[in-house]
Amino acid sequence: MDKKENRHHQQDERQTSARGGARLKLCLLLACISLYSAGCWDVLDIEKRDLITGLALDLTADGQVVLTAQLPIPKVTLPNIWTANPEDSFYTISAQGASTLEAFSHFETKTPGHVDTLKTNILLFGERVVEKGITPYLDTIARMPKFPVKSNLMIVRGDPGRLLKQEVAAAILPSFYLMYFFETPQKSGMVYPMKLWRFYYKLDSPAIDPYLPVLDYHTEEKVFLPAGLAALSGDTLAAYLSPEESKIFGLLSEEDEEVVLSTEWREGRTISIRYANNRVTYQWLPPRVIYIHMKARGYLLEETGATLPLTPSHLRQIETALADKVKSQAEELIRKLQAVNSDLIGLGRIVRAKERQKWSETYWRKLYPRLEIRVNVDFSITRSGRLN
Amino acid sequence: MKRINKHKALSPRLFFFLLFTPCLAFTFMYFPLTGARVIGTDGYLAIPVAFGLALPITMVARHFTNHYPGLTMIEYTPLIIGKTLGFLYNLLYLGGLLMITIAFLQEVIGIAYGFLINRAPLSFVTLLMVGAVVYISYYGITSVARLASFLFPAALFLGVTILLPFQNWRLLNILPIGGEPIGTYLNGGIQSLYIFYPLTLIFQAAAFADRREKVFPLSLLALGLIFLLYFVNSIGITGVFTAEGITRYLWPNMEYSRTIDLPFFLFEEVGLVFNIAWGVLSYSTITIFFFFLAHGLAELGLKSKNSRNPVSYQKILIILSSIIAGALQFTPDLNIIRAHFSSVQMVGGLLLFGLPLLLFLCSLLRVYFWRKT
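Keeping their order, the protein sequence lines are chains F and D. Just add 2 to the spot in the first sequence (first one is 1) and you have the working numbering. Just add 61 to the spot in the second sequence (first one is 1) and you have the working numbering.
One chain only, chain F, in its complex shape (with noise of 0.2 Å):
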């Protein structure tokens, strides 16, 4: 009798388990139910969605926000339809107001459907905007939840509206090529890309300062050109760095991009490498040095005077004239971004690192403009290419 009690509580338990099992599953479903009918209120199609892939903004002369909006016609974008006139695949947008909200806030004017941010992947600022100190124009972006927090940050030093109209030859969407280019890791040591995420970060913390990367159009051949960075000294514009400061910056900084330098090392011959590993130390000297060691390693990409193989000692006085010209060009960029107070390297947090108790904004922005910043460099050809 006590086997076929166990054998029928066993039974039991086991349909009790399998219909403990099916009310999970059941409310699982409920749950997904659940879930997408509270959706429901917010559905909108596709079709009645204008995404805006890249965006503008700047001032006009007194003090409005303007912005505009490049909007792909997306029966025309698909894959394998060409259309005679690429500059068709997108339509571009304008509106002012007092406040980049108010601003925004006219775009739905403008369009037939639901003007969607999701897919804002450039954002474009006007010289003026930054001059003026950009942070009171963010804000309404900071606050969207749906805005892509990977958007890529660039400054046009003329009218960034009407970079958003210009065609590019490759026959995309413009916004699509600018995100291309910024995406790819090769092209990174061009110009650096500034996410927005990274951006907030950089705006916020007082132990360093962002910058923008410099946008440029080329009306004859139709394409985007880097065209260095702008260095910002809190939110607003300091100084604008040349294509080749901003290889500097990138060696210099965290941000470790490759990139290639060249440098004559005997008369009449000049050699370009373009760099693969870079080791940067800071060593803080109170009350106001700090030194920069740099440990850098590249491959060794032309040498015009090459008509005999590299020896050994060649390639000696290769790494010391291009430590030598690193070393002279980042002291002089460093002297530059001193006398505009922006910290694009971020060496405050070096100094916090160290000096802790003593450390403030305002101690910082006191201090750095008057700090002796040497640079050390050493540098070693790793590789030479096919050739010996």
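What the hints contain is simulated information worked out from the structure, not anything from laboratory work. Glycine is no exception: its CB is placed at the ideal position from the N, C-alpha and C atoms. There's no promise every hint is true.
Stated by the list, open to error - Derived lysine-lysine pairs resembling DSS-like cross-links, with alpha carbons at most 30 Å apart:
| hint | chain 1 | residue 1 | chain 2 | residue 2 |
| --- | --- | --- | --- | --- |
| 1 | D | Lys69 | F | Lys27 |
| 2 | F | Lys197 | F | Lys167 |
| 3 | D | Lys376 | F | Lys27 |
Stated by the list, open to error - Away from chain F, derived, C-beta distances all over 12 Å, residues of chain D:
| hint | residue |
| --- | --- |
| 4 | Gly143 |
| 5 | Arg231 |
| 6 | Ala304 |
| 7 | Ile398 |
| 8 | Cys423 |
Based on these hints, arrange chain D on the given structure of chain F.
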């Protein structure tokens, strides 16, 4: 709906997930804010301090599990401090649990409205969520614990998402380490103690454990894992955003997950998947809170007996859920709750951690005087 006659005992696995899931989901989205605001660049050190402060709770739970096997705290409190005081104590304790349940529900709703839905009426969302929670809680602790264990892949996903943003991590952003007065770190730890508030469920959950000797090691394991996850997360988010950068956001961990760049466009936006994974864990957490709230209220005023025996809490569950659903329409919104967050923390700490510690002291005194006489 069928009334259950017995609560089934929880296996060690289910018991572990019953503690682990609420602790993981409860403050996961916004906890780095506290350390960053109170301490600064090394605000992540608040987590080990909070862990150290939460550890005694597991030992207190072990003491009660050994002395009052098979009883929940609601049942053995009157045995220790008397009927009237015990009733008041339990009421306060359950009030604390109710407070954090409502605060947590506001967070979940806030994130849903922030990132997922905009136009759905609040009453509809609340009714659906509460209804689904009641459905699971109605069938006993085994259903609730099984749901928590079933959602382990979501917890695993959260764990992976904590590590992926390290691709943007910078050592300089987390320096300096130390240098502030000890009091600052202690203050940060005390203010971060709310991370471990769900651990207080152990005082009720231990009564349902199948193997009593496993309660203490499992609770330690849950606490240890949560500490590890939160600590690594805190270091990671500080290294990516800096302490000042964290304080910009309402839900820093949500923004942290959105910085992930995966190759080949595997996921263009990991953040939304992260949101959903956390959302299902939150749903499980709410079912656990509801169950223990209703069960605790049902046990008020009853004579102590084995917790696995029939306790009619289902009616209370339905009434309670109606009250909570109604309260959510009228309680202050998330911004106001966050503005008074320190009060919520303090009151929650006193009720959920302070009361059990006080009870422990009373229990020790009682044993001391009993032995003396």
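Hint by hint, here is what the structure shows:
1. D:Lys69 <-> F:Lys27: Status holds; Cα separation ~19 Å.
2. F:Lys197 <-> F:Lys167: Measuring from Cα to Cα gives roughly 22 Å; hence the hint holds.
3. D:Lys376 <-> F:Lys27: Holds, at roughly 24 Å.
4. Gly143: Non-interface label on Gly143 (chain D) holds, nearest chain F Cβ at 39 Å vs cutoff 12 Å.
5. Arg231: Violated: least Cβ distance 6 Å, not greater than 12 Å.
6. Ala304: Not fine: 8 Å to the nearest Cβ puts Ala304 (chain D) too close to chain F.
7. Ile398: Nearest chain F Cβ is 18 Å from Ile398 (chain D), so the label holds.
8. Cys423: holds (39 Å)
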